[in-house]
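Enquirer: Sequence:
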Amino acid sequence: MTIVCRTVLPEIPTHNDPAGREHAGDHGADSGEAAVGGEYSGGIGPESLPVSIGAALRFLAAVLQAKAVVEIGTGSGTTALAMLEGMAPDGVLTSIDLDPDAQRVARATLAEAGVAGSRTRLITGVARDVLPRLTEEAYDLVFVDAVKQEYPHYLEVGTRLLRPGGALVFRGVVPDRDPGDPERCHAARELTRAVHADTNLVPLVLPIGEGLLTIART
1 MTIVCRTVLP
11 EIPTHNDPAG
21 REHAGDHGAD
31 SGEAAVGGEY
41 SGGIGPESLP
51 VSIGAALRFL
61 AAVLQAKAVV
71 EIGTGSGTTA
81 LAMLEGMAPD
91 GVLTSIDLDP
101 DAQRVARATL
111 AEAGVAGSRT
121 RLITGVARDV
131 LPRLTEEAYD
141 LVFVDAVKQE
151 YPHYLEVGTR
161 LLRPGGALVF
171 RGVVPDRDPG
181 DPERCHAARE
191 LTRAVHADTN
201 LVPLVLPIGE
211 GLLTIART
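Numbering (full-length UniProt numbering), first residue to last: 1 to 218.
Since the hints were derived computationally from the structure, they do not count as laboratory data. Be a bit skeptical, because a hint or two may be false.
[Said to hold, decoys possible] Label pairs and their computed distance ranges (CB to CB): (1) Thr218 - Ser48: 21 to 29 angstroms; (2) Ser48 - Pro164: 29 to 37 angstroms; (3) His186 - Pro132: 21 to 29 angstroms; (4) Gly117 - Glu156: 30 to 38 angstroms; (5) Pro182 - Glu136: 32 to 40 angstroms; (6) Glu136 - Ala197: 30 to 38 angstroms; (7) Pro164 - Arg133: 30 to 38 angstroms; (8) Asp90 - Glu137: 38 to 46 angstroms; (9) Glu136 - Ala88: 30 to 38 angstroms; (10) Ser48 - Arg133: 31 to 39 angstroms; (11) Arg160 - His196: 17 to 25 angstroms; (12) Phe59 - Ala194: 19 to 27 angstroms; (13) Arg121 - Val202: 38 to 46 angstroms.
Where a beta carbon is used, it is the ideal one built from N, C-alpha and C, also for glycine.
Model the full structure from these sequences, guided by the hints.
Expert: Shown next, in the form of structure tokens:
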């Protein structure tokens with residue numbers, strides 16, 4: 001049986017649907033890219049980042065005046081670069097990834113973009129093992145782009161890392177491009193339930209790049 005999960009986040013409003021009556025998936029995963037156009041790659045790197053996602057991350061880092069950011073899932077370094085561009089000049093970004101090759105690429109991406117080594121801390125390891133060692137309530141922004149089935153766990157851990165007023169961002173929360181993945185659908189539903197169970201969290205889905213779930217901690 002095919003499980004369609006375009007409506008796994010029905011109770012979380014999108015940026016252009018304050019009443020929450022429409023589903024995030026109905027806006028289309030590429031609506032943000034179509035509106036802005038192009039790609040955000042920071043100038044180099046094998047993996048281009050949709051410009052709308054890069055702009056959203058840079059904007060959030062700037063609005064929060066972020067000095068301390070945690071990224072779960074380093075990738076090629078383009079998301080880290082976007083956030084660094086919005087962070088305070090003395091801000092430090094910590095990025096965790098199990099793949100040492102990905103982190104080597106990310107280091108090259110950041111170095112070629114002129115990012116000082118003192119502004120990043122790349123940790124090769126399992127995020128579940130690394131995150132408990134980080135200081136609680138010490139971070140302004142936590143960005144998660146990892147295995148979707150682990151998102152409910154990262155919500156719990158990420159919330160503890162955030163200072164009051166900080167934000168937690170999950171990439172790819174509206175999986176309508178892969179509607180037959182029951183585990184991913186279940187994880188999205190569990191994430192939604194957990195967000196709504198915590199009265200200190202204020203969520204919003206930005207319908208770009210398969211959905212950016214942005215959560216403010218009050």
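Enquirer: Each of the hints needs a verdict: does it hold here or not?
Expert: Tested hints:
1. Thr218 - Ser48: 21 to 29 angstroms: 35 angstroms, violated
2. Ser48 - Pro164: 29 to 37 angstroms: 35 angstroms, holds
3. His186 - Pro132: 21 to 29 angstroms: Distance hint for His186, Pro132 holds at roughly 24 angstroms.
4. Gly117 - Glu156: 30 to 38 angstroms: 31 angstroms, holds
5. Pro182 - Glu136: 32 to 40 angstroms: 34 angstroms, holds
6. Glu136 - Ala197: 30 to 38 angstroms: 20 angstroms, violated
7. Pro164 - Arg133: 30 to 38 angstroms: Roughly 22 angstroms apart at Cβ, these two residues miss the hinted range, so it is violated.
8. Asp90 - Glu137: 38 to 46 angstroms: Distance hint for Asp90, Glu137 is violated at roughly 19 angstroms.
9. Glu136 - Ala88: 30 to 38 angstroms: Since Glu136 and Ala88 have Cβ atoms about 21 angstroms apart, the given range 30 to 38 angstroms is violated.
10. Ser48 - Arg133: 31 to 39 angstroms: Given a distance of about 32 angstroms, which is inside 31 to 39 angstroms, the answer is holds.
11. Arg160 - His196: 17 to 25 angstroms: 18 angstroms, holds
12. Phe59 - Ala194: 19 to 27 angstroms: 25 angstroms, holds
13. Arg121 - Val202: 38 to 46 angstroms: 28 angstroms, violated
Of the numbered hints given earlier, the model fails hints 1, 6, 7, 8, 9 and 13; all others are met.
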